[in-house]
Each structure stands twice: as structure tokens, then as C-alpha cells.
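Let the hints inform the model, and build the full structure from the sequences given.
Residue numbers (my numbering), protein chains in the order written: chain A, 1 to 612; chain B, 613 to 1013; chain C, 1014 to 1269.
Be aware that a few hints might be false.
Taking lysine-lysine pairs in the DSBU-like style, the calculated list, with each CA pair at most 35 Å apart, reads [unchecked claim]:
no.	chain 1	residue 1	chain 2	residue 2
1	B	797	B	773
2	B	804	B	730
3	B	1007	B	730
4	B	833	A	142
5	B	790	A	142
6	B	1007	B	773
These are computed hints drawn from the structure, not numbers from a lab.
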Amino acid sequence: MGLILAQILTGLANAGALFMVASGLSLIFGVTRIVNFAHGSFYMLGAYLGWSLMQVLPGSFGFWGAILLAWLGVGLIGALVEIVILRRVYAAPELFQLVATFGVILIVQDLALMIWGPEDLLGPRAPGLRGVVRILGEPVPKYDLALIALTPLVALALWALITRTRFGILVRAATQDREMVGALGVNQRWLFTATFALGCALAGLGGALQLPRGGADLLMDFTILTSVFVVVVVGGMGSLPGAYLASVLISVVGVFGVSYLPQSTLALTFVVMVAVLMWRPFGLLGREEVAGELGQVGPPEDPIAPASARMRLLVGMALAALAALPVYGSPFALVLATDIAIFCLFAASLHFLLGQAGLVSFGHAAFYGGGAYAAALLVRHAGAPMELALLLAPLIAGGLALGIGFVALRASGVYFAMLTLAFAQLLWSLVWQWAGVTGGSDGLIGIWPARWADSNTVFYLLSFALSVGGILTLRHAAHAPFGYALRAARDNAPRAAATGFDTRALQWAAFTFAGAMAGLAGGLFVFAKGSVFPNELEIARSFDALIVVFLGGVKTLSGGWVGGAVFEAGVDWLTRFDYWRLALGLVVLFIVTLAPQGLVGTARALWARVRP
Amino acid sequence: MFRRTFTALSAAVLAAFALPAAAQEDGPIVIGEINHFKRMAAFAEPYRKGYEMAIEEVNAAGGIAGREIAVIYRDDQGEPGEAIRIAEELMTREGAVMLTGSILSNVGLAISSLADRKGWVYLASEPLADALVWSEGNPWTFRLRASTYMQAAMLAEEAAKTEATRFATIAPNYAYGKDAVAAFKEVLTALKPEVEFVGEQWPQLFQIDAGAEVQALERAKPDAIYNVTFGPDLAKFVREGADRGLFEDRAVFGLLSGEPEYLEPLGAEAPEGWVVTGYPWYAFEGDANAEFVADYTARWEESPKNGSLVGYMTGLSVAAALERAESFAPEAIRAAFEGLSVTGPVGEVTYREIDNQSTMGAFVGTTAVEEGAGVMVDWAYRDGAAYLPEDAEVKTRRAAE
Amino acid sequence: MSALLEVRGLSRHYGALRAVDGVSFALAPGDIQALIGPNGAGKSTLFRMLMGETRPTEGEARFDGRRITGLSPARIARWGVGRTFQITGTWASMRVIENVQTALLAHRRRGLSLRGFATRLYRAEAQALLETVGLAEVAERPAAILAYGDLKRLELAIALALEPRLLLMDEPTAGMAAGERGELMQTVTRIARETGMTILFTEHDMDVVFGHAERIMVLDRGALIAEGAPEAVRADPRVREVYLGGGLDPEALADA
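Dropping the structure here:
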């Protein structure tokens, strides 16, 4: 009995930081529709700032003062980020802002390394709250009790702010209907700034408050991000009580999981998330309207047309030039070009999903990594030849997409995105845990191309042919009846349905098709690298693809592969420098603010302007 | 639009690709080092400093066959896929004669697989995975640091000496954690068959729920605990465990917990009385270890970490192999590594012919807090050679070869 | 002659609110019928239920003798029920003619096809439909830049591309200039007479209603209160009461 109570108290204490970070993310999304990937970075900044302040401020007053100052400080940094960067990209297609937040992540990572050094910092203890009290004989840390008391207070203060003040009324109005706020004559810019700053400040508060239970380290930005996404989605986007409920639920379930299913630590939260979303597709307390439509805001793209004969000739010549790379390129050039070709196919497959079907997936790595693992497992366990593995990889990845799509497409908008993320994570934890078959984190190695394709030259030509073939197939699909039907469902789903299109079946087909193409890229990847590890299923991989698609330009046909090529080549070049993350982050922000329609979209707009 | 981007891109691609690749015969001997300098900066930086110091010493003493050694350090973001590409670039474009590096086991395994495929020499300096030299071992991959198995065996030996029979384990939920627990169990059970394992906890790497883990361990009522967590997980575990009295009257064995990388951040809250593997740089007197610590501190104006020692030994190993090799062709370097002996701060270390594992050992001691900092006391250096399985057993583990 | 559309006791309740409450009526093939009522009477809810976009609380609708209640909009559309929306639905990222070509693709069940270039399919047919609605001149323009009245016509062309036997039009002329309204309705009724298509439409403009509908139904607070020929409906005291109470200019009814 005592133990169970103590476990529940542990769960409640864990919920504290999670709630603060999640409520901030939820608030920001509700008002500005920004999915703030950098939210973990603000959490990390809160921890580091709090740590530094605690070194100089003495005693109890100093400790709590440091937390308050960290809260304020991170809020100010958030306001700065909003004013300097995000404000310039609100007019861009929705979700484009997440590219900017990705840039912020990279910059914060390097700045934190520069300022605070690489070593983990141990969090100072809260004065007077060291040690435990015995509750029913079980030790419970005093600071846990403080957190358990403090979290509802923060939640109540937030609730009062949202329900009792003019700012709160505007926030709620904006969460429900953004255009209405504009119509009310409210200065939307400052409302957005204030909300973003408040959300970041909450993340910073969470980071500073968890210091006595751990500390500050350079990996904490990413480690909290997935849990926070889960909490926000399970609670319901934009719902503060939902965020509280979900953080408690996830934390308490987590604590019992640790005790009674110790191997479950990887998968449990995602299982909970999928279960909740299948039962309530908009989270525990979420509402459908807040789910939003993603990816298709702003002016519609220009109508597309099949390439002219002249264009085909030019493209054919360019492809021939690239295919001739072995003649004039160095051996390493072939390796780099192989990697770029594979990544371009991966990016193009996500681009198809986003651009044509309007479906934003945060878990596209499930199919890339899924295809990679399919190929690797076939080779390792079934002794399949490369040719067969490459043939089956897209089929298996497509089958995976068929299954995941069936469930995920019950939801829409950001909930769909989050469900794809949850499934990708589930797959990742399956691979990670099932070490007997998948090798776990040690992966599967020694999977090399068949003898005939063994040389860098032949494998480059093979990858190039399959990648270009895949990209051209995706491109043709956009021009084919399928593409028009998809865009009909995306532009106006009720109209498409009333015209006889089964919109869900179309989206399902697109999801499967994109998944299969990503699987082909994954299969090629395995043979290019000779090995596969769970990294290829990680969130970071999904984000990579998402970022390049937005960088390239969603509302263009070539955005996917152009973004992929530029990004992959750029990263390869930049990692030669010491502070390459800072540099890459700045480059990303530079592109985001100067070219909000993405590289291709902006190039096209410029071309249209200079063309006589 | 399509055409413009395409031509611009092709031009860029051409410019970047057409650079010539040439290894110069009279320039420095190039070594390619691949590591996670950003992602694991706390570990990779001391390693790099130790490595650089060794190379500086070798070059100051005239280099190898009159040529200097130049190490190209490249960041792989902690991604195996990137590491593979960088390895190709280092070997084919930068003219490197061999590869070194990696901390993460997965990256190490990826590079070793490539090395085997291409016939390139790879010295896996820091990754601990047993698979590198055993189940996935290959003739081209050598490993310097004492492996998971060796370090776990050292602790198991200590554990067998105690009265404890009920053991609980806590290890991060990935290959390293699992290998470390399996090796500890294997060796301890062999030494002391009556032990039982009453609980196993598997927190997610860097996402430990320390309070819950401590409660779960307490529930199992063990006599002793075997800890494999490290980094921020260790800090949280130690703090929660100490607060909740988990470590009172219990023997605790901590793999790597005594390495300065992990012990130093804990400051005065470092656990006391844990039996750990680590690196007591502060305690050496009048030997080669003390000399290395003094030189390192003078060179970098900071105290060494365990990684510094590994980096330094990496540099010495590379130099020794090149010195011994008849030429700088991969096959010659590979042959030179087999059975190669290197003398460093910890004494003589040999790269075993049977499995390419070096016999570099580790320091085993007991933790204590002195002057507000965690240290190892009652420590001793354990030679790695004594903690490897019998040759016949090694051969079955290295079955793939 | 049996009914093409038969509605029996169709209801939709939102908690205590009875948006549509036990509506029953029937349409014979070739009927051109208007559904009128004040704002909030339940017209759009009734349409959404007929089209499968909203699930009824009770009751059923049968089309051509087969039950359509509970089917998806796409199924109902394929069975021959066309529909235009109150807030005009077209596909903004396509050219005008491509909107119609896409509707023709749907009609031919080629939505999942990867064969060929969609923009080259059914061009002549699409062009003919655009001519019917008077948009032939702007066929190659992006739909996004059309004026509102033209969008209404484009949507009509999309709906007609399905060769529906029943066409549901939710306020087909809302937002159009007065001159355009009659023109559009004449086009629709002419096609209906030529092809035998049945039409049910809602409309606020009483000129349009009384000028084009053969029969009129009046919905008030979810219930049908009158149904019949225009003259009979116009004379119905309850209808006059509803419109006076509803705040609509009674002159509109008197003058029509």
C-alpha cells in the first residue's frame, strides 16, 4: 500500500516538469499554430540559466529567485526568437515555421556547448528540501513533494491567466478561431509574441525546476521532446487541463511500468498514446477544430503542367551528366553522390505526401528505416540476394505504411502527424528491444551489395537509376489522375467526396505509395553503408526529411529532391568546421527568412519577376 | 525553374566532386579519426587532446621514417551512416592510411564492417561492444580499450569476494547495458554459483525515471546492486538512491562509474563505497601514469579524463604500428597491429593475435568523497589480459571469421 | 411513378436542439424543387444528411429505392447524387478545365490510376461542360483567380460532370450579381429538362425560388411546415407567419 502510494507520488513529481514544458508547447500551437521543435531547447536553456544563477545567488532566496529569473530569461529569449525570426515567416505555408525552430535547436546546442562546456552539470539542491520524509514507511524526497504542490499552482495560475484576463480571452479566441481575433482588431503580432514568450518561459521553468532532481546536460533538449509531444497530443492540442491530465497519466503509467515491466521503458508511452488516440482521436480533452489543417494555408500553388519537350531534353541532359559522374568524379564523389541520391528519394517521397496529399507526417523514418531493416533482415536471416532485398524493401515498407495509415488516417491535421510519430517510435522501440533478431542498438552489419554491384561506380549507377526512377515516378504520379484526385481531396475534401472520390482511400494509397518509395531509399541505404542501426528509424531522421521538404518548398514539384540534395551536400561540407551546428542553424534561418516559399518556390518567384 | 536549379546544382556538384584525390609520398602520414566531437563532446574532447598530445610527441621525436603523422579529425554527428561516408572520404580523398575513433558502439561496428569490406585498418579506440572483436570481429578491426566484458569481469571478481548473494542490476536499455549485465552475470555465476539475480531494471538511455527505478530496486530487496548507468542517468540515479536510502548497507558495483567523466560532475554527491572501474589520475605518484598526468595537465591546463588516456594510447598505438609496418599499405599496417606491443602510462599493452583486442586494462577501486569531490581509493590497475575468456572460448565467440 | 428520392422521418438532434426533426418528403424524377426557410431552419443540415456528410439521429433517405442513409458521401455521389455547396467548393490549385476533368476522372473511377497525364484526359468533354455553364473562355486560367460568380458556375460544371440524376444545390446563387442569378438557374433548369435530372435547392433569393422552382418546401425550426406549388406556398398563412417572425422582408415574398 505504502509502496503504491509512493510510486504514485513519484509519478506526480515526474509530471511537474513534463506538464510545464507540454503546456507551453500546447499554448504556442493553439495560438500560433507553430509546432515548436525547439521547445526542448528552451527547456535546456532554463536548466542551464537556472544552474548558473544558482551558483551566484545565495540561499533559499537565491534558489527560488534563480528559478524565477530563469523563467523570465527564457521568456525573453523566446520573445526575441519570435520577433527576430518567426515573425518573418508567419505568412509562409503553415508548418514552415518548424524549419525555423529546427534552426533554433542547432544554434542553441552549439551556444550552450560554448557557454557551459561539454560536461554535465549537477543540479544544485533546493535549500531546506534535501532528504526524504517517510510516508507510510516509504521514503519520499521532500523536493518531490514541493514539485507535486507547485505544479498544480502553476497550472492554476495559467488557468487564471487564460480564463480571467483579457490576454487569456484573446488566447482562447485565437485558439478557437484565429481569423476572428484579427477581425476583433487585436494586434495579432504582439499576441503571438506574448504567447510564444509565455510558452518558452514555461519550458524554461520546467527545466530550472527539475535541476534538484538531476541537472543540465547537452542532450536534454531532445530527450524531453518526444515525451512532451506525447503529452500534448494525449491531452489534446491547446488544452491546458488536458496537458496536466496527460502528464500525470503518462508519468504514473511510466512509474508502474518501470516497476512491473522493466523492459517496457522504451515503448510504453507510445503504446499509451496510440491507445488513447484510437479511443479519442483528438486527445483526452482536445477538440477537433484545434486539430487544424496542416500544410495548406496561404495562396494555393500554381497549377502544374507536364514538362515541355525542351525541358525534358534539358533534364535528360542533366541526368546524363550526372550518370557520367564516374568518368570525371573522384571515388569519394561517387560515395557522396550515392548518399545524396538516396536522401533525395527519401525526401521526395515525403514531399509527395505533403505536397500532393497535404498529409504532414512526423514519422516518415518509419518507412525509410523500415525498408532498410526489411532489406537487412532479409539478407541476414533469410540469405536473400541484394536484388531480392531491394525488390522487397519497398513492398514491405509499403505494407507497413498500409497498416499504420489505416490507424493514423482516422485522425487529421496535427493529430495525424503525431500518430505517425508515435508509430515510428513504436517501430524504433521494437527494433531496439528485439535484439535477438534486429541486433538492437548494435544494429545489423556486413550487408554489402551483390558482387556485380560491389564497386562504388556500379553501386552509384544503381542507386542513381533507382532514385531517379523513384523520383520520376513520384513526379509522374502528381501528373497522373491519382495526383489530381489527391489534390482535389487536399484542396477541398467535401467537394472531392461529393464528386465521388473516396478521400480516405486516396490518402491511404498516397501514404502507402510514399512509404514504399521511402522504403526503396532505405533499402539502398543499407547496401550503401553495409549496415543499419535504429538511428534510421529515429525522430531525427523523420525531422531531417521534413526540414528538407520545407526548405525545398512544399508547393512546388521539385522541392523534395532539391531540398534533399542541398541539405545533404551542405551538411557534408559544414561538418568539417568546429561549430558546424551553429553555422547550419544560421544558414537554415537565413533561408527561412529570405526564402519563405522554400528554395524552389523562391527561385521560381524570382524567375517570374526577372523574366521579360 | 526546374532547369535553373538543376544546372546550378550540377555545377555545384561538379565543383565539389572533381577535386583530385592524391596521397603525397613525402608529406605527412595521414590518419583519419572519426568521432562524435559534438554529440558526445564531454568524452570526445579529452580523447582528442590525449590523441593530439601523443602525436605531437611522436612528431617531435622525428616522426615515422622521417615523416610526420597528421591526424584529420572529423565529426560524424553520432550517425553510423555519416561515419561511413567520412571514412570513404578520409581513405580515398584525404589519403589516410588507416582509421581510428568512435565512442558509440554502433558507429564503431559500422566502420569495422566497412573496414573489413574495403581492406582498411580500423583501430576502434573507445567503443566497448564485445561484438567488435568477437561475434562481428574481422581481421581489419582492432580495439584498444578494455571491453565491456573485461570491465564487467573485473567487477564480478570483486563482487564474488563479498558476502552478497542477492544481486539486482540496473543498466541502460541498449546493447551496451545488456552486454554489461550479461557479462557480469556470466562471470559472477561462474565464480560463485550460489548468487541469484533478483531484479533487473532497464531505464531508457538518458531518460531514466530515477525515482521509479530506485523504488523498483528497493522492492527487489537485493544485497548488492550492479550499476551500468552513466552520464546524466547516473547523476539522477545516485541522487535519488542516496536520498531514498537505496545504497545503505548494500554493496554497489558500478561499471565505469569511477571514470572522471562520470564521477567529477557529481561533486560532493559522488557515491561512497561503490566498487567501480575508472581512472584515478589524482592519485598517481612517481610512475609513468603520474608523468602522463603531469604532461597532460601542463599541455592542456586541465586534468585528464579517462578518454585522455585512451586518446593518448591511441596515438601511441598508431605510431607503434606504423613504425613496425614494412610499408604504409593497409595490409602491412594490419600485419603490424597483430601482436603489436605498445608501452604507455599504464605499462605494456598487446594487441592479441587471437581477437585483435588489446590487453589494456582498467583501474578498479572504491569510491570516496575527498574535499568535495568523488575519488577512487584502494585502487589497483588490473591488466586486461587476465579478464578475457580462454582462447578456445574466444575462438567460438569469434566464429564468424 | 415511384419517387427518386424518398425521405422518411429524417432527424438530427444536437443534445436538446432539434436541428432537423422528422422531415419526410419525396421527389419524383424530373422535379425541380426548392427548400426554403429562415436562417437556422435546418436546410443545410438536411442537405448534409442527404449527402452522407452528417449522420441522422433518426429516419432514412432512399434514392432510387435504395437506402442511402449511413453511406459515405463518395458512395452517394457515385450512385448519382450531385451536390453544390453553400460555400463554393472548387479545387484552387488546378486550372478551371482541370477542375472539370478531375470530376470526370472521379465519374470514371480513375482516381487511383497512375496511367497517363490527367490534364490530357477528357478535354473535349470538359470543354463542353464549361461551355454549358459559360466558362469556356476562362478554361485555362487557374481556378484560384476566378470571380465568385464564376466559381459558382465552375462548381456546377463539376457537379454536372457526374451526370447526376439528382442534384442538390445549397444556395446556388448566393453572392452572385442579380443578373447572373437568373442566368445560372435557367441553365440548370434547362439541363434538368433536357436530361430528366431532378433538382432540390435551397435559396434565400425569393426571385430565384419562385421563378424557377416547380414546387417549394418550407422548413422552420427543423420541421416541414408547408409543401406545394409556389402559389399555394405563397398563400400559406404559416409560411407568412414564419417569414414575418423570422425578420425577413415580407415584401420579398409578396413581390415574388
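Check your understanding: Do the alpha carbons of residue 833 of chain B and residue 142 of chain A lie within 35 Å of each other, as the hint requires?
Key -> Holds - the C-alpha atoms of residue 142 of chain A and residue 833 of chain B are around 23 Å apart, at most 35 Å.
Review point. Is the straight-line distance between the alpha-carbon of residue 797 of chain B and that of residue 773 of chain B 35 Å or less?
Key: holds, 15 Å
Review point. Between residue 804 of chain B and residue 730 of chain B, is the straight-line Cα distance small enough, at 35 Å or below?
Key: violated, 44 Å
Point to revise | Pair hint outcome, residue 1007 of chain B versus residue 773 of chain B [Cα-Cα no greater than 35 Å] | key: Judged against 35 Å, a Cα distance of about 29 Å means the pair holds.
Check your understanding: Is the Cα-Cα distance between residue 1007 of chain B and residue 730 of chain B 35 Å or less?
Key -> holds, 24 Å
Review point. When you check the alpha-carbon spacing of residue 790 of chain B and residue 142 of chain A, does it fall within 35 Å?
Key: Holds: residue 790 of chain B and residue 142 of chain A sit about 33 Å apart, inside 35 Å.
Consistency with the previously given hints fails for number 2 only.
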